[in-house]
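Keeping their order, the protein sequence lines are chains D and H. In terms of the numbering used here, the first sequence opens at residue 52 and continues consecutively. In terms of the numbering used here, the second sequence opens at residue 9 and continues consecutively.
Rather than coming from a laboratory, the hints here were simulated on the basis of the structure. Check before you lean on any hint, since a few could be wrong.
As the list claims (entries may be wrong) - Only part of the chain D face toward chain H is listed, based on derived beta-carbon distances under 8 angstroms: (1) Thr76; (2) Gly80; (3) Val161; (4) Pro173; (5) Trp279.
What the hints assert, rightly or not - Simulated pairs of lysine-lysine, DSS-like, Cα-Cα distance not exceeding 27 angstroms: (6) H:Lys19 to D:Lys150; (7) H:Lys220 to D:Lys150; (8) D:Lys150 to D:Lys64; (9) D:Lys198 to H:Lys15; (10) D:Lys150 to H:Lys15.
Said to hold, decoys possible - Just a sample of chain D residues kept apart from chain H, beta carbon distances all over 12 angstroms, derived: (11) Arg74; (12) Asp81; (13) Val92; (14) Gly118; (15) Ser272.
Predicted model only: the values in this text are computed from it and were never measured. The beta-carbon is built from N, C-alpha and C at its ideal position, and this holds for glycine as well.
Residues per chain are reported as follows:
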Amino acid sequence: MTSAKDRSIEEKKPVIIRTRHLRKTYRMGDEEVHALDGVNVEIFRGEFLCVMGPSGSGKSTFFNMIGGLDSPSAGRVFIDEVDVAQLSASELAFLRCQKIGYIFQSYNLVQYMTALENVTVPMAFAGVPDDDAHDRGMELLDLVNLKDRWFHKPIEMSGGQQQRTAIARSMANAPSLLLCDEPTGNLDFKTGDEIHHILQRLNQERGVTIICATHDHRLISMADRIVWVRDGNIERIAERKDITVETGSVS
Amino acid sequence: MSKFDIKSQVKLPLSKCMEVVLSGIQFRLFRASITMAIIALAVAFLMTILGDSMIVREVAQSVEELVEPRQNSNFWVRRLSRPLGPADIGHILLRAQPAGDRWAEFREWGEADNEAMAGLQAMARDEDLYLRFFADLPESQLRPLVGRVRGRDIFSHLSDAEAWTAFLETLPNLGLALPREPEEFQNFLRQWRDARPLVERIGAGHAGALSKVTDMRGNLTIQEFLAESDADLAETLRPLGFRMRTDETLRLRDWARQQTNMRRIEQTLQDIGLRQRFAGRYGIQDMNRVVPETFFGRLASRSGAEWLVAAMAEIGAPLGLTAETVRETATAWLEEQRLANLESSVQAMDATGGFMGFSTRILWLIGVSLIVCVVGIANAMLMSVTERFKEIATMKCLGATDGFIMTNFIMESGFQGLAGGLIGGLLGLLLGIVRAALGYGWMALTNLPGLDLLLVFAFSVAAGVALSVLAAIYPALAAARLAPLEAMRVE
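Starting from the given sequences, assemble the full structure and let the hints guide the process.
Here it is, written out as structure tokens:
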């Protein structure tokens with residue numbers, strides 16, 4: 052069986068994100084800290100990529116940079132061949148709204164909105180009419196099995212339900228890229244599994260490129276490639292088939 | 009080559025922003041209500057002061073109308089019993105209508121024509137201007153300027169050439185400037201000197217008429233004389249130069265009768281026996297407390313009035329008034345006292361002066377309270393922004409523009425300002441009315457200036473909204489500048 056995704060990777064391998072000599076320097080007093088020190092990497096469309104690295108490795112900076120959330124000190128980030136540094140504030144907002152979906156460790160749902168309202172926020176920002184947004188929002192909630200809970204506020208939902216709502220929200224404008232920051236970091240084993248499967252389905256059925264910063268070995272075992280970041284640079288990139296992942300272990 | 013077109017993010021309609029803001033306020037109702045309370049207090053303060061002063065102004069006006077007839081009567085009594093000095097003549101001239109009654113009287117007594125009268129009136133206005141100027145100067149400045157002379161004497165003093173030169177030299181040394189050019193002042197001084205004979209003639213003419221009135225009334229007081237006069241009084245006075253309208257005659261007679269009756273009832277209090285009877289009847293232990301206020305207070309009722317008539321008859325000094333007249337007179341006496349009190353408190357208000365009738369102190373208070381309000385709101389909004397770092401950053405990740413975030417916070421503050429302003433405005437209005445009612449009683453409530461109060465209310469609420477929006481500008485900017493990667497932060 053060949054899925055849509057397998058074809059795209061193996062046949063054409065089009066690039067969705069490309070970085071060139073990416074640098075980020077922070078000043079801490081008199082000292083300059085190189086959070087990123089000349090990173091070159093290519094991420095393919097439709098790929099499931101995990102980013103690993105200890106804290107302070109520059110992993111977060113790298114992650115924010117390719118998500119259009121932070122601007123480099125030097126070098127370039129291309130998302131779909133567009134140089135992010137060239138975009139105006141409003142164009143960046145458009146990029147974040149339309150092309151990238153974000154999933155956070157602590158869900159970051161808007162507390163005073165219902166699940167459906169949360170899901171439709173990005174659609175409102177994109178100017179989608181309310182009726183269409185409502186229909187699409189319900190479809191997305193159905194996708195994450197929360198259709199019957201659309202009127203619940205975040206405090207009335209479990210962590211797993213909140214993260215599923217967040218995934219539905221990230222898919223609001225059908226982005227080609229999902230950026231997940233420790234998506235199961237706050238969840239127990241079983242609930243984490245549900246999230247993993249949803250992400251895997253989105254990747255395989257919809258061809259969404261997924262980039263995950265994670266330590267979770269089960270997630271790593273689903274990835275196509277794994278990137279190790281250390282001391283502000285890429286230490287190693289490996290295809291999953293070249294490494295052994297002990298599924299079920301807790302790091 | 010780009011695989012998709014990057015466009016500018018769409019601008020959201022304000023209604024969308026409003027939806028988000030309103031549900032946000034609803035969710036954070038407690039915090040929002042604290043902010044609203046700050047605004048409500050400031051607006052209530054503003055509203056109370058503005059509303060109170062509007063009511064007092066209205067009360068002052070109606071008090072003026074109420075005391076007008078009494079003032080008119082007093083004016084006649086004075087002119088029919090006492091000679092007119094230059095100050096009185098100047099005063100009357102200031103208000104005299106050309107070709108009116110006062111104007112005609114003066115023209116006749118002064119044997120002047122209309123032209124001379126017009127000149128005299130113009131001179132009186134200048135005189136008033138310069139008199140005020142000198143009256144406002146402190147003693148330390150008056151002494152070197154004009155020596156020991158004061159008031160109108162300054163004008164005759166300055167007619168002296170030497171005094172005039174000294175005056176002109178001293179003026180700049182004290183850092184003072186006349187209300188008009190020195191040449192004009194000199195001009196006025198000449199006119200003033202020239203007008204002396206006419207003013208004196210008017211005074212003499214009036215004095216002549218006055219002596220005839222004194223002859224007429226024999227040994228009666230002026231009030232008794234007026235009380236016994238009839239409708240012909242105007243005709244009697246006319247050959248003497250006095251111009252009295254017929255309706256004035258009757259009003260004056262009624263007023264004089266009432267005054268005479270008041271004096272007569274007051275006289276009864278001189279009788280120690282009656283005082284004791286009064287104290288006994290009304291259970292007053294301390295004889296010192298038998299004062300006109302309590303006395304007339306009791307007489308204003310039917311039983312009190314009947315008691316007095318009976319008591320005077322028993323003593324053997326019949327009052328000569330019916331109980332009904334006693335009651336009416338006592339009521340009028342109380343009314344007169346009330347008006348006099350109102351008048352003096354209203355005059356105390358007027359004396360404060362300043363911008364829109366507010367003293368500098370009140371203006372300072374308003375200003376400081378508004379500044380405190382702005383700082384309070386700005387602080388509350390900043391805290392609100394800090395608390396919502398993550399929410400704001402998440403919104404930015406989801407595609408919110410800086411403008412949307414900014415509008416969001418300004419609108420939130422504006423709504424809070426509106427709600428707080430409305431609450432504070434109503435509260436302030438109520439307090440203002442209560443305050444005015446405590447100070448001026450029923451008159452304050454019957455003289456509510458509806459339109460003025462509505463305008464002041466609208467102004468206060470608008471001020472509340474404007475202050476809130478102003479205070480929200482910095483916090484909103486801080487929120488809009490927040491980097492979206494703050495959303496990634498894990499507490």
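Going down the list of hints, with the structure as the test:
1. Thr76: violated (16 angstroms)
2. Gly80: Violated, because the Cβ-Cβ distance from glycine 80 (chain D) to chain H comes to roughly 21 angstroms (cut-off 8 angstroms).
3. Val161: holds (6 angstroms)
4. Pro173: Holds, about 4 angstroms.
5. Trp279: At about 20 angstroms, which exceeds the 8 angstroms cut-off, the nearest Cβ of chain H leaves the hint on tryptophan 279 (chain D) violated.
6. H:Lys19 to D:Lys150: Holds - the C-alpha atoms of lysine 150 (chain D) and lysine 19 (chain H) are around 18 angstroms apart, at most 27 angstroms.
7. H:Lys220 to D:Lys150: violated (108 angstroms)
8. D:Lys150 to D:Lys64: Roughly 19 angstroms between the alpha carbons, so the hint for lysine 150 (chain D) and lysine 64 (chain D) holds.
9. D:Lys198 to H:Lys15: With a Cα-Cα distance of about 32 angstroms, the restraint between lysine 198 (chain D) and lysine 15 (chain H) is violated, given a limit of 27 angstroms.
10. D:Lys150 to H:Lys15: Holds, at about 12 angstroms.
11. Arg74: At about 17 angstroms from chain H, arginine 74 (chain D) clears the 12 angstroms cut-off, so the statement holds.
12. Asp81: Non-interface label on aspartate 81 (chain D) holds, nearest chain H Cβ at 24 angstroms vs cutoff 12 angstroms.
13. Val92: holds (19 angstroms)
14. Gly118: violated (8 angstroms)
15. Ser272: holds (24 angstroms)
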